[in-house]
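With the hints as constraints, model all of the structure from the sequences given.
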Amino acid sequence: MSGFVLSVENLTRRFGGLVAVNDVSFNLRKGDLLSIIGPNGAGKTTMFNLVTGQYPPSAGRVIFNGADISGLRPHARAKLGLGRTFQISKTLTTLTTLENAMVGAFLKRNNLSEAADYAMHVLDMVGLGARAGIKAGTLTLSERRRLEIARALALDCSVLLLDEVMAGLNQKEVESVIDLVRKLNGEGLTIMVIEHNLKVVRAFQSRVIVLDFGRLIADGSPDHVLSDPHVVEAYLGRQHA
Amino acid sequence: MAAFLNIVIVGLLLGGIYGLVSMGLNLIFGVVRIVNFAQGELVMLGMYGAYLSWFLLGLDPYVSALVVVPCLFVLGVIIQRFVLQPLQNEPFMQIFATFGLLILFQNAVLAITRGTGYSVHSELSRIVISVGDINVNLSRLIVLATVIVVAIGANWFLHSTMYGKAVRAVTQDRRSARLMGINVELAFMLTFGVGAALAGLAGVLLAPIYTLSPQIGGNFILAAFAVVVLGGLGSVWGAFFGGFIIGLIEAFAGYYLSPELKHAIWFLVFIAVLIVRPGGLFGIAGAEEVGLREQD
Amino acid sequence: MNKTDIQAMPAGLAGAGAGGTARPKVTTFATELGRIAAIGLFFAVCLFLFRSDPFILNMMAYTFLFAALSTSWNIIGGFGGQFSLGHGVFFAIGAYTTANLYFHWQVSPWLSLIPGMILASIVAVAVSWPTFRLKGPFFAIATLALNEVAFVLATYFDSVTGGPRGMLLPFKAGLVNMVFTSRLPYAIIMVGFLLISLVVAAYVLRGRLGYYLQAVHLDEDAARAAGIDVLKVKLTGMAISAALTGIGGALFAMYLRFVDPPTVLNIQDIGVKFLLIALIGGVGTLYGPLLGALLIIPLESYLRATLGGTIPGINLLILGGLLVLFALFMRRGIFGALQGAWERYRGARS
Chain V
363 MSGFVLSVEN LTRRFGGLVA VNDVSFNLRK GDLLSIIGPN GAGKTTMFNL VTGQYPPSAG
423 RVIFNGADIS GLRPHARAKL GLGRTFQISK TLTTLTTLEN AMVGAFLKRN NLSEAADYAM
483 HVLDMVGLGA RAGIKAGTLT LSERRRLEIA RALALDCSVL LLDEVMAGLN QKEVESVIDL
543 VRKLNGEGLT IMVIEHNLKV VRAFQSRVIV LDFGRLIADG SPDHVLSDPH VVEAYLGRQH
603 A
Chain G
-10 MAAFLNIVIV GLLLGGIYGL VSMGLNLIFG VVRIVNFAQG ELVMLGMYGA YLSWFLLGLD
50 PYVSALVVVP CLFVLGVIIQ RFVLQPLQNE PFMQIFATFG LLILFQNAVL AITRGTGYSV
110 HSELSRIVIS VGDINVNLSR LIVLATVIVV AIGANWFLHS TMYGKAVRAV TQDRRSARLM
170 GINVELAFML TFGVGAALAG LAGVLLAPIY TLSPQIGGNF ILAAFAVVVL GGLGSVWGAF
230 FGGFIIGLIE AFAGYYLSPE LKHAIWFLVF IAVLIVRPGG LFGIAGAEEV GLREQD
Chain D
6 MNKTDIQAMP AGLAGAGAGG TARPKVTTFA TELGRIAAIG LFFAVCLFLF RSDPFILNMM
66 AYTFLFAALS TSWNIIGGFG GQFSLGHGVF FAIGAYTTAN LYFHWQVSPW LSLIPGMILA
126 SIVAVAVSWP TFRLKGPFFA IATLALNEVA FVLATYFDSV TGGPRGMLLP FKAGLVNMVF
186 TSRLPYAIIM VGFLLISLVV AAYVLRGRLG YYLQAVHLDE DAARAAGIDV LKVKLTGMAI
246 SAALTGIGGA LFAMYLRFVD PPTVLNIQDI GVKFLLIALI GGVGTLYGPL LGALLIIPLE
306 SYLRATLGGT IPGINLLILG GLLVLFALFM RRGIFGALQG AWERYRGARS
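Residue numbers (our numbering), protein chains in the order written: chain V, 363 to 603; chain G, -10 to 285; chain D, 6 to 355.
Simulated from the structure, these hints should not be mistaken for laboratory data.
Treat the hints with care, as some may be off.
[Unchecked claim] What follows is a set of in silico ranges between Cβ atoms, one per label pair, in the way DEER data are often shown:
(1) N271(D) <-> G106(G): 16 to 22 Å
(2) W347(D) <-> N427(V): 46 to 52 Å
(3) L246(G) <-> W347(D): 54 to 60 Å
(4) G106(G) <-> F185(D): 38 to 44 Å
(5) L257(G) <-> N271(D): 19 to 25 Å
(6) N532(V) <-> E348(D): 27 to 33 Å
(7) G106(G) <-> T36(D): 54 to 60 Å
(8) Y350(D) <-> G142(G): 53 to 59 Å
(9) N402(V) <-> G326(D): 36 to 42 Å
[To be verified] Under the rule of at most 30 Å between Cα atoms (straight-line distance), these lysine-lysine pairs were calculated in the DSS-like manner:
(10) K470(V) <-> K392(V)
(11) K441(V) <-> K177(D)
(12) K470(V) <-> K237(D)
Predicted model, so just to flag it, every value in this text is computed and none were measured.
A virtual CB, placed ideally from N, CA and C, is assigned to each residue, including glycine.
What follows is the structure, given as structure tokens:
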């Protein structure tokens, strides 16, 4: 066994002539917190969708706990323990907050009250316990992001993929979500985040990979990566490099 | 050979009818992204409009288009403004509402006419053109000519006029079109109006061919759905060629299998196309999903 | 709170919840059973009171039948959001299966409920498998077309269906034959069917499948990310819904003792009525379809009885109008409106 929870090997995805993800490889160990950054259109979300199975890869493999999952459909990957959130929150608006989390909790539990208890537990973990009884459609943006995290946690996922969970939040909300992500990571959950905000990436103080035009151009600590001339060029353009 | 040729002619003429009926449905779907289940009833109203114009004003059915088509345009604008615009982001309720209109129109006409069947005559529809063994009724040729003119006209309009370009912009991206200063609501109302007017035109032209009944819309709507699904939702040429394909299939199935099974044959074609190529032969892939995507 | 369950979580995550807020109540199947029992008791009293009024009994039989059918449609159409216009096909399958077995082999209709259910489910799954790829209006179109095809086939294959002449079932009164001289036993059977449908719908809604159907309805991508096999969930919901609809068709056939395509496959009178009743009562709610049927069926039979002779189509004319009005102004139906009023009332008090 390699000891990696998740390995991405030479992953490639083409849309017609466009290569959205181009020969990307990296590994995650249990308990890692990995940030993925890159300019708009660099292929970050496509990479997420390849890992969670929204699209099949054009080439390459995704290995999860030692097994090749490249051919599995999204729900089967979720069953194995891959939880995710979406860039635009997918809240089940006419259900209550608790019922949203229960949809996740039912994956490993068949009994209604067990699922409800477990859903309540994850809502407490993300700080939404007090909002459990209201319709999820009335939640604020930051609460919806937390709810999506709760729904993924309710799956008992071992790897959590967060797609720009901070986007559109104010400074205070960003800090509280950073704390939540750190807390979950501190409890042993392996987490992969797509992030736009470089401050957030610095705050995590953990490994960063950079995508540009679908290629992985840097991999390392935030300080190392953010001072890399290729990365600066990708972000700011050539004249600043 | 003569039989074969005859079937082809019958199929093409029928295809013209289906194509014409589908044009309005397709326009409305393509632009407003609404599947109008009541489109067949708009055709039916056009037919009764022709009858009413003849009965009250003594107009020849072909002349009555001048009265009926504008009326249907106004009806279409009203439907869009007061029924569908409030349901813009409620795809399920749109299905309910247009189906409600279907039942409403059909039974309103049934209640008014008490189920009496009417027929409309025109001097032109008595003319039969014969080439060899093949006889063609002039009224069916008029339908065929009209569908060609409408298809060319719609295509020219959408691609070469400023208004048409605005409509296509709305089709592709409502939000951006709105930002560009296009009045999306107005564009939808006018489009629905034109779609209803095309149904009215089809109704007028079909009035001399069919016996009028309140349920006749049902004969057209499934064929029209088959046509637009086959040709590709939102594509003018798709509806045009789709009409002929369905017409030919029906003519051949009617001759070689059984006339009663034509609906079953459509359905098989329809399901096969939906599965193999949901976007239709000429349509944009994924159009079947766009129908449900929220836009504002 | 189930302690063992919490301890079974990944070690790191256990105990992370701060204190544990009191969980809001979740309606359970047991609660719904109590409510359904109360409904059953109420209808039993109604039946007893009107036991010798054939007109009222007839109307009640139809009301309960359509309440049950709309409740069944609601499982896939309301909870699952798959707007089938083709449920008349499953209804017809139940009707023709029972009629044939009774007519040719004198099989008791009680027994032929089972093959009718199974056949309806099989056909439902077979036709839904490809059509579930379609969304919203396209699924509705495909199911509408399916109903048309079934009509054509039922008219064409007259060896099975009696074709356009239909099948007239012989009158041989008796419990085993499900044929009675009084209308009371029929009304009791229909109440029984209604209660069964409500119990099945409640069992679905208050369990994993119900949550999954609602998730699929609201957002398929979110459902997949939550580990839900979307197609499997839709097919399961459809199979259950179609099986119940098949029972309804069989009961309808035995009540009329006559089956022909215009009676069982009329899109406006059968297929659309299921969803119309559901919309008016409250789509996706457990008791909405029942409420809708309690309003619509008596209204319709009143209109038919008073005006039907002079103004043909008046009943459907009014139903069509109601459909448009409810879509515009009361999207959550009567049940949803009552629920909203109740919530406002409670909000105002606290």
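### Task
Hint says 19 to 25 Å; check whether the CB-CB distance for L257(G) and N271(D) agrees.
With Cβ atoms ~23 Å apart, the hint holds.
### Message
Between the alpha carbons of K470(V) and K237(D), is the straight-line distance 30 Å or under?
### Response
holds (17 Å)
### Message
Run the distance test for K470(V) versus K392(V): straight-line Cα separation, threshold 30 Å.
### Response
holds (21 Å)
#### Entry: Cβ distance range 54 to 60 Å for L246(G) and W347(D), holds or violated
About 58 Å separates the Cβ atoms of L246(G) and W347(D), which means 54 to 60 Å holds.
### Message
Holds or violated: the 16 to 22 Å window for the beta-carbon distance between N271(D) and G106(G)?
### Response
Since N271(D) and G106(G) have Cβ atoms about 19 Å apart, the given range 16 to 22 Å holds.
#### Entry: Outcome for the supplied range 54 to 60 Å, where the beta carbon pair is G106(G) and T36(D)
holds (56 Å)
### Message
If I claimed the Cβ atoms of N402(V) and G326(D) lie 36 to 42 Å apart, would that claim hold in this structure?
### Response
violated (50 Å)
### 46 to 52 Å as the expected CB spacing between N427(V) and W347(D), which holds or is violated
holds (49 Å)
### Message
Just to be sure I understand the hint, the distance between the Cβ atoms of Y350(D) and G142(G) should be within 53 to 59 Å; is that true here?
### Response
This hint holds: roughly 58 Å between Cβ atoms.
### Task
Take a quick look at whether K441(V) and K177(D) sit within 30 Å of each other, Cα to Cα.
violated (56 Å)
### Task
Return holds or violated for the Cβ distance of N532(V) and E348(D) against the range 27 to 33 Å.
Between N532(V) and E348(D), where Cβ atoms are some 30 Å apart, the hint holds.
### Task
Given the hint of 38 to 44 Å, check if G106(G) and F185(D) actually sit that far apart at their C-beta atoms.
holds (40 Å)
Comparing the model with each numbered hint stated earlier shows that hints 9 and 11 do not hold.
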